[in-house]
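J.: So you can see what is in the structure, the chains are spelled out below.
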Amino acid sequence: MSDSGLPVAAANGTKLSKISEAVIRIAGNSQDGIQAIGGFLARLAGRSEQEVMTFMTIPSTISGGPSLFQVRIGSGEVLSAGDDADVLLCFYEHSYLANAGALKKGGIVLYDSDHMEPNPEWETLYRHIGVPISSLTIEAVGGTGKDKGKNIYALGLVAKMFHLDVPKLTRLIEERFTGKDPTVVQNALGCFHAGYGHELQHLFESFAFNTVDKGGRNQVVMGGNEAIAYGLLAAGVRFGAGYPITPWSDIMELLRRELPKYGGTFVQCEDEIAAVSMAIGASYAGRVAVTGSSGPGVSLKTEALGWASMAEMPLVIIDVQRGGPSTGMPTNVEQSDLNIACFGGHGDSPRVVLAPCSVEDCFYTAIEAVNIARKYSTPVILLTDQGIATRIEAFPAPDLEKICQDIGPDFTAVADHKPYDLAAVDGITRHLAPGTRVASGKYPVVTGLEHDELGHPSGSPTLHMLMTAKRRNKYKKLASELPTPQIYGAPEGEILLVGWGSVLGPLREAVQQARAAGEAISAVHIRHLHPLPNGLDNIFAGFRHVLVVELNDEGFYGYGQLAGILRARFCDPKIRGITKTDGLPWKVREILDRARATAGSNANSTLPA
Amino acid sequence: MSDSGLPVAAANGTKLSKISEAVIRIAGNSQDGIQAIGGFLARLAGRSEQEVMTFMTIPSTISGGPSLFQVRIGSGEVLSAGDDADVLLCFYEHSYLANAGALKKGGIVLYDSDHMEPNPEWETLYRHIGVPISSLTIEAVGGTGKDKGKNIYALGLVAKMFHLDVPKLTRLIEERFTGKDPTVVQNALGCFHAGYGHELQHLFESFAFNTVDKGGRNQVVMGGNEAIAYGLLAAGVRFGAGYPITPWSDIMELLRRELPKYGGTFVQCEDEIAAVSMAIGASYAGRVAVTGSSGPGVSLKTEALGWASMAEMPLVIIDVQRGGPSTGMPTNVEQSDLNIACFGGHGDSPRVVLAPCSVEDCFYTAIEAVNIARKYSTPVILLTDQGIATRIEAFPAPDLEKICQDIGPDFTAVADHKPYDLAAVDGITRHLAPGTRVASGKYPVVTGLEHDELGHPSGSPTLHMLMTAKRRNKYKKLASELPTPQIYGAPEGEILLVGWGSVLGPLREAVQQARAAGEAISAVHIRHLHPLPNGLDNIFAGFRHVLVVELNDEGFYGYGQLAGILRARFCDPKIRGITKTDGLPWKVREILDRARATAGSNANSTLPA
Amino acid sequence: MSTLAIAHEALLPRTGLAAQLPPPPDLPEGDRKPLTKKETAADHPTWCPGCGDFSVLAFYYKLIEKRKIHHEKITTIAGIGCSSRFPYFVQAHGAHYIHGRALPFASGISLSRPDLHVFVFGGDGDAFSIGGNHFTHTARKNIKLTYVVMDNWVYGLTKAQTSPTTPIGHKSKTDIWGAADRPINPMKQAISAGATFVARTAATNPNHILAMMEAAMDHDGFSFIQCLSECIEFFPGSFDASIPRKGGVFNLVPENHDVTDEFAAYKLADEPFPGSFGIFYKKDAPTKNGNEAKIISDHRAKVAGLADWQILQKSFDRMK
Amino acid sequence: MSTLAIAHEALLPRTGLAAQLPPPPDLPEGDRKPLTKKETAADHPTWCPGCGDFSVLAFYYKLIEKRKIHHEKITTIAGIGCSSRFPYFVQAHGAHYIHGRALPFASGISLSRPDLHVFVFGGDGDAFSIGGNHFTHTARKNIKLTYVVMDNWVYGLTKAQTSPTTPIGHKSKTDIWGAADRPINPMKQAISAGATFVARTAATNPNHILAMMEAAMDHDGFSFIQCLSECIEFFPGSFDASIPRKGGVFNLVPENHDVTDEFAAYKLADEPFPGSFGIFYKKDAPTKNGNEAKIISDHRAKVAGLADWQILQKSFDRMK
Ligand SMILES: Cc1ncc(C[n+]2csc(CCOP(=O)(O)OP(=O)(O)O)c2C)c(N)n1
Ligand SMILES: Cc1ncc(C[n+]2csc(CCOP(=O)(O)OP(=O)(O)O)c2C)c(N)n1
Ligand code: SF4
Ligand code: SF4
Ligand SMILES: [Mg+2]
Ligand SMILES: [Mg+2]
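Protein chains in written order, with this note's numbering: chain G, 570 to 1178; chain X, 570 to 1178; chain E, 12 to 331; chain U, 12 to 331.
If you are wondering where the hints come from, they were derived from the structure by calculation, not from laboratory data.
Heads up, the beta-carbon is just placed ideally off N, CA and C, and yes, glycines get one too.
Please note that a few of the clues may not be correct.
[Claimed, not checked] What follows is a set of in silico ranges between Cβ atoms, one per label pair, in the way DEER data are often shown:
| no. | chain 1 | residue 1 | chain 2 | residue 2 | range |
| --- | --- | --- | --- | --- | --- |
| 1 | U | Lys182 | G | Glu1061 | 28 to 34 Å |
| 2 | G | Ala667 | X | Ala992 | 22 to 28 Å |
| 3 | G | Ser1029 | X | Trp691 | 21 to 27 Å |
[What the hints assert, rightly or not] Lysine-lysine pairs mimicking DSS-like chemistry, simulated, CA-CA at most 25 Å apart:
| no. | chain 1 | residue 1 | chain 2 | residue 2 |
| --- | --- | --- | --- | --- |
| 4 | U | Lys294 | U | Lys331 |
| 5 | G | Lys717 | G | Lys737 |
| 6 | E | Lys294 | X | Lys749 |
| 7 | E | Lys305 | E | Lys84 |
| 8 | U | Lys84 | U | Lys44 |
| 9 | U | Lys313 | U | Lys293 |
| 10 | G | Lys587 | G | Lys737 |
| 11 | U | Lys313 | E | Lys182 |
| 12 | U | Lys278 | E | Lys313 |
| 13 | G | Lys587 | G | Lys783 |
| 14 | U | Lys48 | X | Lys1011 |
| 15 | U | Lys49 | X | Lys783 |
| 16 | G | Lys749 | E | Lys325 |
| 17 | E | Lys278 | U | Lys278 |
| 18 | U | Lys48 | E | Lys182 |
| 19 | X | Lys1011 | U | Lys77 |
| 20 | E | Lys331 | G | Lys729 |
| 21 | X | Lys674 | X | Lys587 |
| 22 | X | Lys715 | X | Lys587 |
| 23 | G | Lys584 | G | Lys674 |
| 24 | E | Lys331 | G | Lys783 |
| 25 | E | Lys331 | G | Lys1011 |
| 26 | X | Lys1011 | U | Lys44 |
| 27 | E | Lys293 | E | Lys325 |
| 28 | E | Lys44 | E | Lys84 |
| 29 | U | Lys84 | X | Lys987 |
| 30 | X | Lys1011 | U | Lys305 |
| 31 | X | Lys1156 | X | Lys673 |
| 32 | X | Lys1011 | U | Lys49 |
| 33 | E | Lys294 | U | Lys278 |
| 34 | E | Lys325 | G | Lys1011 |
| 35 | E | Lys170 | E | Lys155 |
| 36 | G | Lys944 | G | Lys1046 |
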């Protein structure tokens, strides 16, 4: 909680501190509606021109278990969900024990005194505020004996503690339950007001966010999976096919629900192979289609992906990465699919790989993926991860009228057509959608066999060489058109941190913290992973250490997957890896500690004999 | 044809030259039994203590088409099938036109004058000898009007030209047709003797191989796919499962046929996923099993492979590489599956990759693969290629009594067992075969979820880190036990050629030629590709250029797949790639030309901006 | 976190790509004539002389001619196998996909392009071994397309391995002592999976092939034809018992057979070889295409009059 | 080309690894007692309270006890899904494999280890969606193992998507307006694919489950049990019509039903829900296990008395 002003006396006499941000961690069981509390806080931030970022864990078994939701709200920029919490709201003993460690020294434990007592040893470490949340909730809703609604009651407590905007919050509660039985809204509001009205014992301090005025910034609040799905809709995608798997399923469920409004269809297939094949078929039929999966499902799609690479068929494949290998850690974050994304499948089968860095970026990257697929006639893999997928952020509402595009096929008849024209001026293959008439009467075939310019099979050694080069060179053209990534911090210094995907926020926060402490640390974040944009070598040249921060394993030789790609390309031993595989997002502190340690160690120490 | 003595007068008055080796190229259609001629010549070489290497092409459509078979026989070491032929035996005009270019200047064209006439412009370039092979064959077999047997007739002609050992050849012919209708043998022998007896017009020169005495070296002659299959049998593999695909099918067909003799089974499954799963199930049941495929089928196996990596289940997966991507060039050679072999599948799923370098090595590498799989509880990918698969070589017969091993499971009851024991002294997971009694009553589960030491699921971040490290570190142990590859040529010099798989022979021949010409070129060949053996950096240190010669594409950044791995590991820009994708094996000349050109160019030229 | 600095805007070539296509040529419109074999034939087939597949191809040309289908409205899709080389031999939009997955690929076309005829050709391995599950699910979902399986009881392209329809006892490269596994019954598979048009024909009976293809094409839903097509190279004589000129019998489905009776169809499917030829089962049932069209029209009604971006705007407004 | 310089010999740890195993402990032999639930139960099931799967597990324990199966002789195999968590809850050798592929994995065990009982458990998605083709081929090959599909008409583990058995109209996360695709009929699928033991039971009828599991286990070949098992979380009430205490009917297969009559079985499979419970089809037919054993014994007879290396030597001698 960054204080940003002098304490002011609050109405009830306790100290009122103005703050610029706060990290609130909510811990309970998966049935407790913990995510709803976090959701309301995030939405409220969105409506208050604040920034917000959340982090949650999901129990991996269906019968539930301990669950937590952390939300960080800030008047300024919010780059991560926060290393440590200012406030821990906990419902049970186990929630308290497991999460107190994540609380700042002097932080506040707001607990349900019906279910737990503070640990006496921790009384000096944290400020404890007990409220019999369960029983007061039961009382508030009229004594049905059920504590359903205790999350909303707790939200009231939090609202009071942080002087949150009550009219906005009640609006949010009302909106959330519209369409349901009116008693539901009533009960919810009842719980909220009861919580808000509760006199917090020991509340020696309360907080109020600095007011923000971003000129009436109009924000939307959503999670990464939603942002991808809506980005695809904005991009004009009207067909998708998939098979359920966590955490990809959200995207397919949303598309399945929304596409019909746009005249589109999403098909749940019998398996991932059918799904990617159906999407490719639909792409061939004229309009870029989408498929996606996580973990095991991605492996299953590689054969078909190779066909799309060979036949040069546009396609968007979403990979919401989770902990691997195999079934692995389905509800944890990991970035260990970069290799399969770039190189998965037999043979040399080039494709594009993009990784969004934030929820907002999920929206725009989905559009970019569609457009690259179209422009370069190629499969594009959008590599997101469980961290972004389940993270909520607020971002400026896009200008949809300007952004939404129509990518329907053009059926204008042509005189003649060779999809795999070796002499194509831009070197790029173009397909005709079936339905298009060819005056010459010579129709193309799309194929996974090596082929001539019309798509007919050929065993000619020369043709295989020429076509392999054709398939590869278009990506060089793409690379030359990509922007060089921006540098966070100075363009020269001691350590350059390199990251991709969900690592961006913590990476930037690490740079801010380090630079504030006088350390010459900068960062660069790569969104276009395959092909890489040009200009990275110039950036790397400005630093003594280039440390690639990834959520994957260090492998046989001591570096992660992106580090391997960068080392191979630039052959610079100062490029080294910082990796971890605990299934959790990077903390800012972890990044800095590891970076300092690695830079301090012999620059060649990861090179084995 | 390396002459190795002075011309001697032959019996019939023509010049007789003693030779140390010869390259004979046979061209016709796929129905002509061309491979049989080559096969007899190879077998004869095997029985004559000679070395031999063959090269063949296969039409990619079933209805056949032009086909060629090249055989190089030598009294000394034979490292490749030969860049150019000494003799071209051709049956048709198209065979002649397509293959004359592969003949040395002054080489001999032995042709079927029933079907073609020499090109007058080439009369000065090559020595032409026409024989009405088809009609003389029909005559020889008694005028049935069919020219079946003309290959054997032609073999007779070749036998005469090279003063081959007639008794040995007739024995081979007899052996080949035993079990068939006796008239078959009679006809074959009739054709052979007719050919042998034919007075070769213009036969101004005939040849005889220098005699070899390798102390009665006992050789076997076979192709690479056979050698792998027999290696697996020798290693004790008794269960396999697969699905047909070219060129892998040979291996499964041989195992299917042979395994029952050893009490084993090979199952043809409904697809590659079922095949790898069944093999894994059988491995789990106690004895390392095998599966395999080529191209598309390998992509399909990656999900299950990831399970084997996670569950740490021993398994041997054969990948007979062919031209990719997708269906690609099914009957051509390529080495473009190295990336999928090392990194295929989602998540960090470590495994071992081995690539044999010769037919003989196929036999031994298959055994090594089984033993590594057992010792390290890991999937092992044996990465061979279409070049080795369809190549025939002679090699010293192995001492089977010594080599054959029994790898049946040990069912001795144990007190207690934790397969994923984090404290295992050697750090390696060990499974109990089902059927083994555990006195504690606590039985293990094998699983693809992240797990505790007994194999039960766990979402613990620490455990995921520890288990990931456990899964990875055993390969470091393996790496430390691998021999450092030997250097061909001097340990220091200008250029070090690096190769893998079927490239070894041409690479060594290139070194021999270059060194004979005074160039400081050496070579190293890597059989253990993942993990790499230690010590390569020391070898590389001795050279100004390290050029990795591979049959795959140069990719976005200008180097092949092994080059990428080596560059990533050693971060040395002098490691560069020499690649090609024409679907044909390397010629010695190509390697040297490309190596000189690459070394001559700016050492950093492949590094993009 | 603000990520707008990433300049997404610059990355969007929002104008579309249509402008890059060549200008529409001057084509004669109006009455277009039926396509002749010359116009529909493309590459010369690479099949072995005598292969049954030739006849299937010939009658596909015939169908196109007879039914006056235009070049550009035909999509010929296949997996991998000898039979699956089909698309190269037809002068029309076509795709040669991967082994066993032609049906989902074709379904992607069918479900997004109601204006096209979607024909899928393949072999018994492609259809019932690696592709078996797609067969079941395409059938149960009743996706509108025609699937002709050229069943030759063997793997042709990979040279003589046992296929899922190889009869017990037949010697193949993977069962040199004779196949032992019970083969699949493709007709039973189709019927039990819920296929709504199930027919059986043979490459040796051209008129019958044509009749079956026509009926299949006219069926609104998934139509499946098992077409016996001899592999002269690796299983010669396989279907002699069904060829009258070789002493066999080509029995038509009995006239009194009720094609809407699933059990009667299942019984027909149980007959020993050579069995009956014709339509075993045919039923009108909702198609996936129709179901999805209905879902779409229900949803479109709710957003009538709105541009796509306005529909999306409504969703975004709910996320404020 | 000589490649012996590569020193293969050095790379072969030919002694085997048995020596590295711990020494055999002192175990009491002789009469082993039936295993109690306490001895067969492992991890506490992670299923939702009220999930139908608990009852299937309980009667698997019972089966093990009743039939006196020893710990080490049981292999419990599963794919992925709620139901597929089964192996963790059983104190015996077990494997939790990948989604949809439990059958081929289990077949690998069955075909190489005739001494083991191979039980496979899974859900409707695992069995009939992604795993549908393996189901067909394991059935037609008649591989000896018992497969219990805990059909809950929904995807449980991934939280409420449509499954291949979801009835039309049911609202799921992927069909919020109600499922439209016709579901698969698992019984018809099994029968038409050639399964030799096909039975139907329900988690709500414990004695019946046990009876079916016993009969399945005793069947020499592929035995399949469809077991209705309610997903209390995502499809509560799905099977009420089959539960007498909820006003439903649990009809047993009619006494006069001939279990060897494929058509009668197919007709039973066609009954509307809740249909009948019991054994629909059961037939003695050659198993893949038996066929392969025969092939092996034929071949072994030809090499009788030879050590493995001598058999191999004969092959090598032919390649000289
Ligand atoms: C994934 C994959 N596995 C295997 C193959 C090899 N393959 C090509 S065609 C074929 C089977 C051909 O049999 P069928 O489908 O009956 O067609 P036919 O050649 O008999 O017409 C196989 C196994 C492949 N191309 N891809
Ligand atoms: C290849 C792959 N695709 C998808 C998944 C995700 N997944 C896990 S279980 C499951 C389906 C579960 O349904 P069912 O088999 O009916 O079992 P239930 O949970 O209902 O018992 C899916 C789709 C996966 N693990 N692997
Ligand atoms: S191999 Fe058989 S199926 Fe293939 S083309 Fe030849 S005859 Fe036809
Ligand atoms: S989600 Fe359904 S199937 Fe899964 S454990 Fe809960 S009740 Fe059982
Ligand atoms: Mg076939
Ligand atoms: Mg289910």
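J.: Confirm or reject each hint.
T.: Each hint, compared with the structure:
1. U:Lys182 / G:Glu1061: 28 to 34 Å: Roughly 59 Å apart at Cβ, these two residues miss the hinted range, so it is violated.
2. G:Ala667 / X:Ala992: 22 to 28 Å: This hint holds: roughly 26 Å between Cβ atoms.
3. G:Ser1029 / X:Trp691: 21 to 27 Å: Check passed, 23 Å falls within 21 to 27 Å.
4. U:Lys294 / U:Lys331: 50 Å, violated
5. G:Lys717 / G:Lys737: Between Lys717 (chain G) and Lys737 (chain G) the Cα gap is close to 22 Å, so the pair holds against 25 Å.
6. E:Lys294 / X:Lys749: At roughly 54 Å apart (the allowed maximum being 25 Å), Lys749 (chain X) and Lys294 (chain E) break the hint.
7. E:Lys305 / E:Lys84: 24 Å, holds
8. U:Lys84 / U:Lys44: It holds: about 14 Å lies between the C-alpha atoms, which stays within 25 Å.
9. U:Lys313 / U:Lys293: Measuring from Cα to Cα gives roughly 36 Å; hence the hint is violated.
10. G:Lys587 / G:Lys737: Answer holds: Lys587 (chain G) to Lys737 (chain G) is near 20 Å, not above 25 Å.
11. U:Lys313 / E:Lys182: Cα-Cα ~20 Å, so holds.
12. U:Lys278 / E:Lys313: 43 Å, violated
13. G:Lys587 / G:Lys783: Roughly 18 Å between the alpha carbons, so the hint for Lys587 (chain G) and Lys783 (chain G) holds.
14. U:Lys48 / X:Lys1011: 14 Å, holds
15. U:Lys49 / X:Lys783: 70 Å, violated
16. G:Lys749 / E:Lys325: 20 Å, holds
17. E:Lys278 / U:Lys278: 12 Å, holds
18. U:Lys48 / E:Lys182: 50 Å, violated
19. X:Lys1011 / U:Lys77: Roughly 20 Å separates the two Cα atoms, so the pair holds.
20. E:Lys331 / G:Lys729: This hinted pair holds, its Cα atoms lying about 22 Å apart.
21. X:Lys674 / X:Lys587: Judged against 25 Å, a Cα distance of about 19 Å means the pair holds.
22. X:Lys715 / X:Lys587: At roughly 37 Å apart (the allowed maximum being 25 Å), Lys587 (chain X) and Lys715 (chain X) break the hint.
23. G:Lys584 / G:Lys674: 19 Å, holds
24. E:Lys331 / G:Lys783: The given pair, whose Cα atoms are some 16 Å apart, holds under the 25 Å limit.
25. E:Lys331 / G:Lys1011: Violated, at about 53 Å.
26. X:Lys1011 / U:Lys44: At roughly 17 Å apart (the allowed maximum being 25 Å), Lys44 (chain U) and Lys1011 (chain X) satisfy the hint.
27. E:Lys293 / E:Lys325: Answer violated: Lys293 (chain E) to Lys325 (chain E) is near 45 Å, above 25 Å.
28. E:Lys44 / E:Lys84: Between Lys44 (chain E) and Lys84 (chain E) the Cα gap is close to 14 Å, so the pair holds against 25 Å.
29. U:Lys84 / X:Lys987: 18 Å, holds
30. X:Lys1011 / U:Lys305: With Cα atoms ~37 Å apart, Lys1011 (chain X) and Lys305 (chain U) exceed 25 Å; violated.
31. X:Lys1156 / X:Lys673: 14 Å, holds
32. X:Lys1011 / U:Lys49: 12 Å, holds
33. E:Lys294 / U:Lys278: Measuring from Cα to Cα gives roughly 18 Å; hence the hint holds.
34. E:Lys325 / G:Lys1011: Violated: Lys325 (chain E) and Lys1011 (chain G) sit about 46 Å apart, past 25 Å.
35. E:Lys170 / E:Lys155: Distance of about 33 Å is beyond 25 Å: violated.
36. G:Lys944 / G:Lys1046: 11 Å, holds
In this structure, the hints that do not hold are numbers 1, 4, 6, 9, 12, 15, 18, 22, 25, 27, 30, 34 and 35, in rising order.
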